[in-house]
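Can you join these two chains into the complex? Each is in its own frame, and there are hints to help.
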Amino acid sequence: MPAIETHGLRKVYGAAESQGVVALKGLDLEIREGEFFGLLGPNGAGKTTTIGILTTRVKPTSGTALVGGADVATQAVQVRQRIGVVPQRPNPDRSLNAIENLIFHAAYFGIRASIAIPRANALLDQLGIADKARAKVDEMSGGQQQRLMIARALIHEPHVIFLDEPTVGLDPQTRLALWDILRSLHAEGRTIVMTTHYMEEADKLCDRIAIVDRGELLELDTPAALKQRAPGGTLIELTLAGGGNGVADAVRALDGVLRAESQGQLLRVYSDRGGRVISPVIQAAEDRGSSVTNISLTEPSLETLFVSRTGRKLE
Amino acid sequence: MTSSTPHAVHVPSVFLALLRRDMRVARKEIVFFLIRTTMQPLLFVVVFGYLLPKMNFVGSGYQTALLPGILAVSLSLSAIQSVALPMVQDFGWTKEIEDRLLAPISTSLVAAEKIVSGMIQGVISAAFVLPIARLVMGPIPALTLSHAGEVTLVVLLGSLAFSALGMWLGTAIAPQQIGLMFSVIVAPMIFFGCAYYPWRGLDVVPAMKYAVLLDPMVYVSEGMRGALTPAVPHMPLSLVGGALVVIAGAFWITGIRSFYKRAIG
Chain A
1 MPAIETHGLR
11 KVYGAAESQG
21 VVALKGLDLE
31 IREGEFFGLL
41 GPNGAGKTTT
51 IGILTTRVKP
61 TSGTALVGGA
71 DVATQAVQVR
81 QRIGVVPQRP
91 NPDRSLNAIE
101 NLIFHAAYFG
111 IRASIAIPRA
121 NALLDQLGIA
131 DKARAKVDEM
141 SGGQQQRLMI
151 ARALIHEPHV
161 IFLDEPTVGL
171 DPQTRLALWD
181 ILRSLHAEGR
191 TIVMTTHYME
201 EADKLCDRIA
211 IVDRGELLEL
221 DTPAALKQRA
231 PGGTLIELTL
241 AGGGNGVADA
251 VRALDGVLRA
261 ESQGQLLRVY
271 SDRGGRVISP
281 VIQAAEDRGS
291 SVTNISLTEP
301 SLETLFVSRT
311 GRKLE
Chain B
1 MTSSTPHAVH
11 VPSVFLALLR
21 RDMRVARKEI
31 VFFLIRTTMQ
41 PLLFVVVFGY
51 LLPKMNFVGS
61 GYQTALLPGI
71 LAVSLSLSAI
81 QSVALPMVQD
91 FGWTKEIEDR
101 LLAPISTSLV
111 AAEKIVSGMI
121 QGVISAAFVL
131 PIARLVMGPI
141 PALTLSHAGE
151 VTLVVLLGSL
161 AFSALGMWLG
171 TAIAPQQIGL
181 MFSVIVAPMI
191 FFGCAYYPWR
201 GLDVVPAMKY
211 AVLLDPMVYV
221 SEGMRGALTP
231 AVPHMPLSLV
241 GGALVVIAGA
251 FWITGIRSFY
261 KRAIG
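These protein sequence lines map, in sequence, to chains A and B. Each residue of the first sequence is one higher than the one before, counting from 1 in the working numbering. Each residue of the second sequence is one higher than the one before, counting from 1 in the working numbering.
Here chain B stands alone, though its shape is the one from the complex (with noise of 0.2 Å):
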């Protein structure tokens, strides 16, 4: 053996072979990641978009609202859970990221990696929610897919500022403590994040309508809504746009110090 530097890798190489790995395992476990991802979101579509309004307990223009609500909690979860999951067991006790952090490029771009990976996790969830939520509610007055490039900008930026926050819950959460996440997290963020309502609806209950804007989920539901149904009141695309960015790119900073953190004793 000669001590001789080993051949440079080339970083972009490397990085899309940490992708592919997470993309091997997601299609193996597609099934199993759907169901846990889009369950919660689908029953909703069942009973507030499909059988309330056949009850009449709720007018057909619920649906209106709904449909990018549900759209924005299934890519939102699905990103959550695609990295907090996994993180929370690697280091928690598999170790099994080991390899990962045993290859040679910087630890925070393996971190990037995985964010990145959550992210097109969030955009399969959308891409899968969105025509059986279409099939079970019939037909949604005001949606419109002419708009294909701000949903794409909006399910992207979303999948993203949720991912990296999984990426932060993931690494910084015990590992104990990962079911609290869920019912202290991310559960209040979705029922405040104007998922199941307009954020205008909350024009009745004014202290609310501005403490919700803390809640990241707010933006990807009031973006869904103005690309998916933009005859329905929502917040300006510029505004969610530009919250989504500040958000993503807070949670990636965060998130990816939190993961370096953990990886290097």
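Looking at chain A on its own, in the form it has when it is part of the complex (with noise of 0.2 Å):
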């Protein structure tokens, strides 16, 4: 059994159908047990919509979802049972301390607290916040609480864990550190399914990652293949400034360029001799009356992949 499957999700906010937002436009997706799974995309693909309906805090509008064979809208109370949540910004319970916020959520869980109490203790050693222990939530860094938020996920030792963009807003070396707990976590054998829009956080952690946008499926595939996926070469963008007519055409007939598109003022050219052909076709831009004023380079990569397939940038 899958430990998480969708069939035809879909999620329209608002009153009606027709005039609603369409937050998701039938997602299937199956997700193995011990998978590290990443779900990725801009804001607004739908990530969060899909975990909050996977954490039975949305209504799918149609379509099912299963945690472990338990349907997230008519067996709701079984699913909370197999999941631990870290949300995407970090919403400890304020009036309590840090272990209180361990103690009683294992209670809602009906652990008892002298169960709940030395795991709690493990839990903050582990995740390195164990002096932070008595502390009120508000003394806590932002880092802090996130962490805390990945030990009450993890407090009642739930099957699968969601975690809705956990590394944003962290400095980088947080985030580091959140990744070797999350490797951990990996590690015991836990389903893990990330939500993120970095590329480089789910090139770098997950099994396989689902691509997503604008409420729809693009791909799904380990990291590996997903990149062979992408189209050769280098990617190069050009901002031009200007005129701009035909200047696609003339690069695709430059030497070493496999592929060119332009798209309003955006040049892509896809290179296989990496950045050697930026001059020519900057020449060829100007013979055509525009100048470039902006100019980035990507190796193959999600990024180039998300790019072929949506157009647009990811971050």
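One thing to keep in mind: the hints can contain errors.
Covered stretches of chain A (in silico footprint by chain B; criterion: 3 or more residues with CB under 8 Å from a CB of chain B, positions within the stretch not fixed) [to be verified]: (1) 51-63; (2) 74-83; (3) 88-101; (4) 104-110.
For the record, the hints were derived by calculation from the structure and aren't laboratory data. Using N, Cα and C, we set each Cβ at its ideal position, and we do this for glycine too.
Here it is as structure tokens:
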């Protein structure tokens, strides 16, 4: 049995189907037991809605979603028993101190204090915030609060852990520390579902990645397979000012250019000779009356795949 | 990790854990809680129950009419605030209630627990105000504690009704409008709630006498009057009890529905 499966999952916010905002357009997913699964996409892709539905906090408009075989809509209580959730923004219970947050959360899952207290101490220790056990939540930094949220999501030993953009707003050092924590949770065999809009994060941590945009699944595979699927060559993006008619056609004829397409003022060139095509490309643009105001280079990656599929950048 | 079914969670134990959390927080904030909810009624006690009788502006009999009403205001105000304020904050911006919404019991039971917790806080504030009011006002003619059963029943039903009303208001009103809730809903409820005068006194304005029957506070005030000062004219306790059961039931259903709407997107 898969850890999670969704069939035709659709969510429309707002009163009427016709006037509402469509957040999910029939998502089909199957996440395996013990898998580290990434949902990658820009803001508004439907990632948070997907997590909301899978964690029983958002009602799907149609379609089904099962977590450990239990239906999120009709067996919410069973689903809640299996899951731990790390929210996008830390939302600890500010009336309680750090360790009380954990002990009470455990109590909500029927775990006695005699079991919860040692477990809470061990988790705080493992997450590097043991010295904050008695601290008021407001006295903890954003990174420490986020770790507390992870501890809270783990205190009742759930089978599946959901993390919604867990590293947004964290400094690079804390982000790396969090990655280590997530890797060790994965090594323990837990199923982890994480949303992110950071390519690197998804690439480094996930077994498989679903790329979503505007409520639809675009790609689903391992990071390696996805990268292979990315259009060949280095992506060179140029911003042009003025003119630009026929630049793409002219560039396509250049040596080393695999593909070229223009979108408004943006010209995307895929090159198999790296940055060496830049100067002839600029020349071609200037010959047609445009000047280049900005250039960026991206190696073949999830990023270039995303750009080629959606015509937009992720971050 | 296996996908075996997790051990079944005992619903009453989850409910009690939620209640224990609220009681822990209430205990931490007990001083602020009592100041917030009993200051206004106690000031009334000082002015109308102590100063004015001393100045002979009102007869000493006024204290008899006032005391039950003061208790009614205290318990109603505490019950309503103990639920409405955290709801407005939690759903409005802090999202702190999320951890309880993930508890493995139905969302309606999470709401029900909040109402029970508000009811307990209403009872606590009544128990706090009664001796203080009695102390400030001095001996009160006709006051008797011999009907403890009736007093308890009115306090419990009144607290329940207002706690459930707090759930409804706290989940239905936009956070920006919370100040409005007090001036437009709660304040008129108190002043037309027969807290500071007996319902029979409204015989002089018949239209108002029947209009105020829509105010749930009337039944708490009159119920307290019937239970604490039975010698003073009051609504029959059976009527009060019946009305409070109906009102509490209606607010319970509306409050829980409104909570559910806010909790599940």
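How the hints compare with the structure:
{"no.": "1", "hint": "51-63", "verdict": "holds (count 6)"}
{"no.": "2", "hint": "74-83", "verdict": "holds (count 7)"}
{"no.": "3", "hint": "88-101", "verdict": "holds (count 9)"}
{"no.": "4", "hint": "104-110", "verdict": "holds (count 6)"}
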